[in-house]
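Protein chains in written order, with the numbering used here: chain R, 86 to 589; chain C, 5 to 448.
Careful: at least some of the hints might be erroneous.
As the list claims (entries may be wrong) - When the alpha-carbon atoms are kept at most 25 Å apart in a straight line, the in silico DSS-like pairs for lysine-lysine are as follows:
1) C/K167 x C/K338
2) R/K404 x R/K350
3) C/K395 x C/K369
4) C/K132 x C/K108
5) C/K135 x C/K108
6) C/K108 x R/K427
7) R/K357 x R/K427
8) C/K395 x R/K452
9) R/K314 x R/K350
10) R/K452 x C/K86
11) R/K138 x R/K165
12) R/K138 x C/K441
13) C/K338 x C/K395
14) C/K369 x R/K393
15) C/K108 x C/K81
16) C/K338 x R/K427
17) R/K427 x R/K452
18) C/K132 x C/K86
19) C/K441 x R/K427
20) C/K167 x C/K441
21) R/K165 x R/K112
What the hints assert, rightly or not - Short derived list, chain R residues pointing at chain C, Cβ under 10 Å:
22) I296
23) A307
24) V309
25) R312
26) L325
27) V327
28) R359
29) R386
30) G403
31) K404
32) I406
33) S410
34) L433
35) L435
36) E439
37) N440
Everything labelled a hint here was simulated from the structure, so no lab data went into it. The beta carbon of each residue, even a glycine, is placed where N, CA and C say it ideally should be.
The primary structure of each chain is shown beneath.
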Amino acid sequence: MADAAQTPLLRMRGISKAFPGVQALSKVDLTLFAGEVLALLGENGAGKSTLIKILGGAHQQDEGTIEIDGNSVRLNNPLKAQAAGIGIIYQEFNLVPGLTARENIFLGQEPSRVCFIPRAQEEEKSRELFARIGVEINPSTLCRDLTVAQQQIVEIAKALAQDARIIVMDEPTAALTPREVECLLTVVRELRSQGIGIIYISHRLDEIDAIADRVTVLRDGAHVTTRAKEDLERHEMIELMVGRSLDKEFPSHECQPGDVRLAVKNLSRGTKVRNVSFELRAGEIVGLTGLVGAGRTETARLIFGADKKDSGTVELDGKPIGATSPRDAIRCGICLLTEDRKSEGLVLGLAVQENFGLPSLHQFTHKGLINREQESDAFAKYVKQIKIKISNHEQSAATLSGGNQQKVVLAKWLQRNAEVIIFDEPTRGIDVGAKYEIYQLIHQLTDEGKAVLMISSELPEILGMSNRIIVMNEGRVTGEISDVTNATQEDIMKLATLREEMAA
Amino acid sequence: MKNLDNGKLLSDYGNVLVLLLLCVVISVVTLEEQSPRSTAAAENLAAIIVGGAGKDANILILVRRGEGQQEFANTLKNTLSKAGLNVTDTVVGTPADARAALGKQTEALDVIATDEHMAAFCLEQLPKLAKKYPTLANTTAYQPKKHLWPNFLKKENLLNVLKQISVVAIIAIGMTMVIITAGIDLSVGSLIAFSGVITALSIQQLSGGADPTTGHLLLGCAAGIIVCALIGMGTGGLVTLFNIPAFIVTLGVMFIAKGLAFIFSQSAPIPIANEGFAWLGRGSDLIGLPNSVVLMLLLYGIAHVIMTHTSIGRYIYAVGGNPEAARLSGVPVKWVLVFVYTLCGLLAGLGGVMEASLHITGDPKSGTLVELQVIAAVVVGGTSLAGGQGKIFGTLVGALIIGVIRNGMNLTGVEAHMQSVVYGVVILIAVMVDQLKNRAQKTN
Numbered sequence: 086m087a088d089a090a091q092t093p094l095l096r097m098r099g100i101s102k103a104f105p106g107v108q109a110l111s112k113v114d115l116t117l118f119a120g121e122v123l124a125l126l127g128e129n130g131a132g133k134s135t136l137i138k139i140l141g142g143a144h145q146q147d148e149g150t151i152e153i154d155g156n157s158v159r160l161n162n163p164l165k166a167q168a169a170g171i172g173i174i175y176q177e178f179n180l181v182p183g184l185t186a187r188e189n190i191f192l193g194q195e196p197s198r199v200c201f202i203p204r205a206q207e208e209e210k211s212r213e214l215f216a217r218i219g220v221e222i223n224p225s226t227l228c229r230d231l232t233v234a235q236q237q238i239v240e241i242a243k244a245l246a247q248d249a250r251i252i253v254m255d256e257p258t259a260a261l262t263p264r265e266v267e268c269l270l271t272v273v274r275e276l277r278s279q280g281i282g283i284i285y286i287s288h289r290l291d292e293i294d295a296i297a298d299r300v301t302v303l304r305d306g307a308h309v310t311t312r313a314k315e316d317l318e319r320h321e322m323i324e325l326m327v328g329r330s331l332d333k334e335f336p337s338h339e340c341q342p343g344d345v346r347l348a349v350k351n352l353s354r355g356t357k358v359r360n361v362s363f364e365l366r367a368g369e370i371v372g373l374t375g376l377v378g379a380g381r382t383e384t385a386r387l388i389f390g391a392d393k394k395d396s397g398t399v400e401l402d403g404k405p406i407g408a409t410s411p412r413d414a415i416r417c418g419i420c421l422l423t424e425d426r427k428s429e430g431l432v433l434g435l436a437v438q439e440n441f442g443l444p445s446l447h448q449f450t451h452k453g454l455i456n457r458e459q460e461s462d463a464f465a466k467y468v469k470q471i472k473i474k475i476s477n478h479e480q481s482a483a484t485l486s487g488g489n490q491q492k493v494v495l496a497k498w499l500q501r502n503a504e505v506i507i508f509d510e511p512t513r514g515i516d517v518g519a520k521y522e523i524y525q526l527i528h529q530l531t532d533e534g535k536a537v538l539m540i541s542s543e544l545p546e547i548l549g550m551s552n553r554i555i556v557m558n559e560g561r562v563t564g565e566i567s568d569v570t571n572a573t574q575e576d577i578m579k580l581a582t583l584r585e586e587m588a589a
Numbered sequence: 005m006k007n008l009d010n011g012k013l014l015s016d017y018g019n020v021l022v023l024l025l026l027c028v029v030i031s032v033v034t035l036e037e038q039s040p041r042s043t044a045a046a047e048n049l050a051a052i053i054v055g056g057a058g059k060d061a062n063i064l065i066l067v068r069r070g071e072g073q074q075e076f077a078n079t080l081k082n083t084l085s086k087a088g089l090n091v092t093d094t095v096v097g098t099p100a101d102a103r104a105a106l107g108k109q110t111e112a113l114d115v116i117a118t119d120e121h122m123a124a125f126c127l128e129q130l131p132k133l134a135k136k137y138p139t140l141a142n143t144t145a146y147q148p149k150k151h152l153w154p155n156f157l158k159k160e161n162l163l164n165v166l167k168q169i170s171v172v173a174i175i176a177i178g179m180t181m182v183i184i185t186a187g188i189d190l191s192v193g194s195l196i197a198f199s200g201v202i203t204a205l206s207i208q209q210l211s212g213g214a215d216p217t218t219g220h221l222l223l224g225c226a227a228g229i230i231v232c233a234l235i236g237m238g239t240g241g242l243v244t245l246f247n248i249p250a251f252i253v254t255l256g257v258m259f260i261a262k263g264l265a266f267i268f269s270q271s272a273p274i275p276i277a278n279e280g281f282a283w284l285g286r287g288s289d290l291i292g293l294p295n296s297v298v299l300m301l302l303l304y305g306i307a308h309v310i311m312t313h314t315s316i317g318r319y320i321y322a323v324g325g326n327p328e329a330a331r332l333s334g335v336p337v338k339w340v341l342v343f344v345y346t347l348c349g350l351l352a353g354l355g356g357v358m359e360a361s362l363h364i365t366g367d368p369k370s371g372t373l374v375e376l377q378v379i380a381a382v383v384v385g386g387t388s389l390a391g392g393q394g395k396i397f398g399t400l401v402g403a404l405i406i407g408v409i410r411n412g413m414n415l416t417g418v419e420a421h422m423q424s425v426v427y428g429v430v431i432l433i434a435v436m437v438d439q440l441k442n443r444a445q446k447t448n
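Please take these sequences and the hints and turn them into a complete structure.
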């Protein structure tokens, strides 16, 4: 633990940054000591990413100073930040998939531009680095063959190879399985014990609880508070981030399941989805969970017609639908909110309104021409209802924060008025306040008699939201939990790791 | 916010600015003394002569032979005669004719009314001739008033620019849509030749050796266009069903169509025995503009509406921007791709018919390298080869920029190989500007 008298490793003072139309940061302070983990909390759009990009030299602050070991530094490009001992691990990794772990670690650090690469030496050093982190990875493996968690370790090793003393991790666990998260936290503790200062950004409060020494909260581009974690209760963290009090993480809801709306029978595709059957009733939220790679998303894609199924049937209200394309499925009344908004949910180059209207253009088309005003009015309704933060309807979807992008996707499908809605990780990367709104929306849908299938890796979310839980492992349904109120995360994990031979 | 709007404005209409700038530069470079030859100019000249020479003056009209010159001379003669002057002779011919006419004067000649060519002749020869023929001793030569005006900005020249770009610009509509879906179509140049040959052959077959009727011509054109549309559909099918990159598929189609055009035509241009066929390519009887230009503007209007106000337009942008997200949003991605390649083929077929109409011949050699001009127009027009972005009117502006540069270089006598170099530089600049624009957007 750091003591207050020591010179901070990093001190950012009065940092302000404006973008056209937005004041992203105003007079934000951040102090980081060697050998501590500082959690940086804030809703989407609170300014965390901007602050990190300034630290990484990708953006320049309009005002304010940055000191490292008490010396003022100017970080006006990423190389300078690197040289100053700052290593940033962004959500999207900067690894070359076709190069090996070793090559990636030393990329850009070759002794000179034209030379033979001291291969053995690098090999030796990468092993040392991995040993220092406490993870075993073969330095000669191609990065594309590594798991996401392993790639993250390579990123960390790369930062250490450049003598980083400050490591920033932006949502490092977003794509990790629970076991991998545990591993990563161990790595972070190890780095801390070696005197490295770590800024840890995450929406998952469990992790913050487990790892952080101090917590800095940002809201709307301003510094709210910095406190030792012990002085912060979990609900307090949420309140500080959101700026108002939330009674609980999940809204309460009464559910009276009606008739069966969607019936999936013996759905199969290769080894990813094997003989999956389940039913969704009107007004019901069914949670579908399992470890990453259990076949949840693949199952959803089969129902939606996005992939070709080998066998099995999908029935909607008792009638079989042979959806061979998403277009068919949508027409029948099924929609899928994909997990990856950027690559599957939105056309980033199009305006938000155009994204919104994409599946429902026929509703706005008269005599072959799109009535943009009608489309705009319909969109405006959702902008208000689910509080989408945009400056205008013509704004390109790429410029929105993650949470707002998710809301645009949500609005898009609400407008389509589907009967069965499949949510794949609806709250991934979304801040607590927006999460609550999305939960409320899901409840609202079930109140209207629609059936909801919610895929999620976050067990508290599954337990808090579902009326029934289906657990998958290795492409099979390994169990169903009907009595959700008395179920625990352990119950789910037991089913999620149940192997085939034991499942029978 | 203000900055952002300016940036957007510049990126949306930046190439219009470039076009205007080019027009200004070329206008300045081609600024020249103009001698008008219109009937109005003739009347104007007559009035000056009447004022200067007085009644009963003997007048000889000398005009060099050429387009519209007879009309100029006639107007001059009629106006002068009406004013009571004595027009002894009217010569529309060569300097030799002029010399002969001057030698034949029996009475003292007061005035010679000329156009600018003959004025130069008179200036040089009149003093010598006056020594030889006493009738010319007191003769003054008049010519129309000169004024400064850029050759570039003459109406005929501007219409010519439009006419020259019409084929490329029309095909560029289809190409813009293809490129917005992140594809490319290299076959359009060959399809021009193929369409022309098919059209000419169909007309020959339909008319069975006799002179083709208008019906035969229309059917022949339809055949050329439809065949190319079907080839485009085939291209789209290969791109979507087999997932072959468009570059490769259309490269193949390019060679096949070119080869077939030569095989079907037996390597010789096929004439079309009806002058009426030239209506589209050479005619100019719609609202005072060449027919091909009217067709071009009409198609651009329609294409603009399609791209901005219809589902298929929105789908085209969506497919180019993110095919997977588009598919998962219920966009019929394959159908959209087949549509754009079919349309591109159809428009290339139309371009082939226009070329054939211009030359009243189905020529297997036509359309060579036109695909690159078309792609250049699209790129210069601001459409990104990465897909998802681009505007139909941007392409029209792109085609105009290239047309205007070519015209400017022709007017100032830049030779062909140098022109090629300039096109290359223009394309590179356009792509660089596009990149800078993207970068500016990213940092915003």
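Quick rundown of the hints versus the structure:
no. : hint            : verdict
1   : C/K167 x C/K338 : violated (35 Å)
2   : R/K404 x R/K350 : holds (13 Å)
3   : C/K395 x C/K369 : violated (31 Å)
4   : C/K132 x C/K108 : holds (15 Å)
5   : C/K135 x C/K108 : holds (15 Å)
6   : C/K108 x R/K427 : violated (90 Å)
7   : R/K357 x R/K427 : holds (24 Å)
8   : C/K395 x R/K452 : holds (23 Å)
9   : R/K314 x R/K350 : violated (49 Å)
10  : R/K452 x C/K86  : violated (62 Å)
11  : R/K138 x R/K165 : holds (13 Å)
12  : R/K138 x C/K441 : holds (22 Å)
13  : C/K338 x C/K395 : holds (22 Å)
14  : C/K369 x R/K393 : violated (47 Å)
15  : C/K108 x C/K81  : holds (19 Å)
16  : C/K338 x R/K427 : holds (21 Å)
17  : R/K427 x R/K452 : violated (33 Å)
18  : C/K132 x C/K86  : violated (32 Å)
19  : C/K441 x R/K427 : holds (22 Å)
20  : C/K167 x C/K441 : violated (31 Å)
21  : R/K165 x R/K112 : holds (23 Å)
22  : I296            : violated (33 Å)
23  : A307            : violated (21 Å)
24  : V309            : violated (27 Å)
25  : R312            : violated (35 Å)
26  : L325            : violated (30 Å)
27  : V327            : violated (27 Å)
28  : R359            : violated (23 Å)
29  : R386            : holds (9 Å)
30  : G403            : violated (23 Å)
31  : K404            : violated (20 Å)
32  : I406            : violated (14 Å)
33  : S410            : holds (8 Å)
34  : L433            : holds (7 Å)
35  : L435            : holds (6 Å)
36  : E439            : holds (6 Å)
37  : N440            : holds (8 Å)
Consistency with the previously given hints fails for numbers 1, 3, 6, 9, 10, 14, 17, 18, 20, 22, 23, 24, 25, 26, 27, 28, 30, 31, 32, ordered from lowest to highest.
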